[in-house]
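> Spelled out, the chains give:
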Amino acid sequence: MRALRQISLAAALAALFAAQAAAEEVPAPDWSFTGIFGTYDKAAARRGFEVYKNVCSACHSLNLVYYRNLQQIGYSEDEVKTIAAERQVTDGPNDQGEMFQRPARPTDRFVPPFANDVLARLANNGALPPDLSVIVKARKGGADYIFDLLNGFVDLPEDFTVPDGMFYNAAFPGYAIAMPPALSDGAVTYADQTPATVPQMAQDVTTFLNWAAEPELDARKKLGLRTMMFLVLLTAMLYAVKRKVWSKLH
Amino acid sequence: MATPASTPAPAPENAVVKWIDQRLPIFEFVRHHLKDYPTPRNLNYLWNFGSIAGVMLVVMIVTGVMLAMQYTAHVDLAFDSVERIMREVNYGWLLRYLHMNGGSFFFLAIYIHLFRGMYYGSYKAPREILWWLGLIILVLMMMTAFTGYVLPWGQMSYWAATVITNLFSAIPWVGDSVVTWLWGGFSVDNPTLNRFYALHYLLPFMIFAVVFVHLWALHTVKSNNPLGVEPKTRQDTIPFHPYYTAKDFFGFGMFFLVYLAIVFFAPNLFSEPDNYIPANSLVTPPHIVPEWYFLPYYAILRSIPDKLLGVIAMFGSILILFFLPWLDRSKIKSGKFRPIFKQLFWLLVADSIVLGWVGGNRPDELFYSVSFLTIGRVATAYYFGHFLVLLPAIASIEKPKPVPESISAAVGAKSKD
Amino acid sequence: MAETAAKTDEPGETRRDFLYLATTAVGVAGAVAALWPFIDSMNPAADIRALSSTEVDLSPVAVGQRITAKWRGKPVFIDHRTPEEIKRAEQDDNADLRDPEKDQARVKKPEWLVVIGICTHLGCVPLGQKPTDPRGEWAGWFCPCHGSAYDTSGRIRKGPAPRNLAVPLYEFTADNMITIG
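Protein chains in written order, with this note's numbering: chain U, 1 to 250; chain A, 251 to 667; chain P, 668 to 848.
25 Å max Cα-Cα, derived BS3-like pairs, lysine-lysine:
| no. | chain 1 | residue 1 | chain 2 | residue 2 |
| --- | --- | --- | --- | --- |
| 1 | P | Lys797 | P | Lys825 |
| 2 | A | Lys586 | A | Lys482 |
| 3 | U | Lys248 | A | Lys664 |
| 4 | A | Lys581 | A | Lys649 |
| 5 | P | Lys741 | P | Lys825 |
| 6 | A | Lys651 | A | Lys592 |
| 7 | P | Lys776 | P | Lys797 |
| 8 | A | Lys285 | U | Lys244 |
| 9 | A | Lys581 | A | Lys592 |
| 10 | A | Lys482 | A | Lys664 |
| 11 | A | Lys285 | A | Lys482 |
| 12 | U | Lys244 | A | Lys664 |
| 13 | U | Lys248 | A | Lys482 |
| 14 | P | Lys769 | P | Lys825 |
| 15 | U | Lys248 | A | Lys472 |
| 16 | U | Lys248 | A | Lys285 |
| 17 | A | Lys581 | A | Lys472 |
| 18 | P | Lys825 | P | Lys754 |
| 19 | U | Lys81 | P | Lys737 |
| 20 | A | Lys472 | A | Lys664 |
Since the hints were made in silico from the structure, they are not lab data.
Treat the numbers as computed from the prediction; the structure is a model and nothing was measured.
With the rest of the complex left out, here is chain U:
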């Protein structure tokens, strides 16, 4: 009896560990935008924008993107106007010489959460949340790394201690990151009603961030395919010409 209980306890623990391990290892998805035929899944990018807006933008700026760029991932002109107008922008000076606040327009850049780096650090324990406009290109591993990072806030292993104010992350170099785990299941309610699990949100926001870093990707690969096909044809013809010209030599 006792042996049976020990075995079942061991089995339960093993199952728990296996579940833990499975949860820790979320494989990076097959991104829609990789490969020579890759394009952005615009619905995913829009969901990713919702994640950015509702979660990340509290700390992270997106300074290189204009609100009007959002039309590229499928928002209408009116939707973009509404999204922009949710934030206030400093403008001026007016005729009285004063700076004033006005709602953002589509032609404005994304409004940063903090007016300057000093305020950003003060709000984040001295750490500076990096701007996310090109983060996917600025990290080794690109989209896969960002995805792994967002899924990497797993339980602290026994043999590791994290300095005060930092958090354990399995993907971050050195494993201790200043960013708290931002994503939790259901943190965002998607407009298209996709269930917002952490891996889902991580995947969507990574798609959005890859678009923010490489908005030209769709056009680049399309032009690339046409150019390569043309060049293959032309090079084949040039080879035929070369052979024809040189055949005269014997």
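Given chain U, work out where chains A and P should sit, using these hints.
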């Protein structure tokens, strides 16, 4: 067997052409140097890389000028101006990626071109000056690439500039003043960025001028060939047009297939992610690495513990190539007929690749319990040993294979098989 | 066999020439197509195009007041015309005008005149926006560079300018809001 002789075609009869040529002989020039120009008939595809390099120079200048119309050289604006080019300028991403990867492919072509010269003895008499002009072009290219890499003002831009300019402090007595002078301040900052922009715009046109002289030297001594045997009769050569024009255009096609595949589908393959982080003078990146084409020199620099000697070794690795015609005393030009030289050549190629690999890694890191520093030191010693010890030694020891009488004899013998 | 005899080999020659012709044609087509991105990169970029319309709030502009807005880097004169100014403009519809245009054709709402503030002679910015500025004989605008005088409809009346002050594309998005461009 009759071959299309390298006899010049009859003079043109077109009246307009005659009128122009009497005043400025451009048509005659083109006819003599591009059409009828006698070229060895046995050149292989390794000889395509000179013209490929020329095309890449034009690509770099054209894309560079277009980028210069949109770029702002100020520390507060540079990074954002490059991102503006990527995002807002029509086809800006294409211009940027063509220019960025064009630099890599330009160096790739030049390195193949250079190693071709080394294998076939193209540096030997009477081509010594041709070889030196080529090395001058290489040095100018390196200066151009170095100043250009600073312009996006990313983390690597800033720190590579800092590390390399700091090297000049190794110069005895005046070193620190030289560095301050280079910087225009007390660290790499806005004055440095501005002058690097000015130099980056200037240097390619100096390259252009030296290329012209390089071609002038080439047309004086004529091309070498895979046999290393100088053309003796008309049978040994063919007119440049249509044979080598056709072959060169095909070569451009093949080269551009690879180049554009990278530009369109893997444009950041050769770049460092850290350069997409805006420059920060207070944070040094964990790994400072230059672009791949500088890695071997970086490895040589870091293999010498003394700062000044390290700098001397780094520049020395290029300088030593100037002396190649006198270090390699063999009368036989082509590696094809020099069995020992051939092996040494391939060892040198392998050594250069090892140096590049070392340059991309941290010196303290281990490769199967050997530090990269140690590997780098061995590879550096071998590099200089190749030129200073091995090459001079084998000239007398080596027993060469029989060299053909002439190019046409060799080609004729081959076609009889 | 002598190579120069190839010219007599008719079918071979046609085949060979076709290959050369076709390859050259494809090559030239590619080169021309490759030229386009370089040329287009000099056209206005996306951020410039996005700023190509400007919104102006007209509510703070009193009757008789003139303001200058900036649109595509150019000054735009917005005149909240008084009834007298409107009457004067309409009365002169049939006067001897260098560039004949009816006042009604130059405005959407008669009390608002919107014109580009660049003299059509050689490009100076005419005076008349400030109450202390000279407005010329027809009480419109006066260009100090070469003496062109415009009326209250922005039409050229005297001086070297050939055309009336240009009316940009604009729209009333609300009673007191216009979008220019």
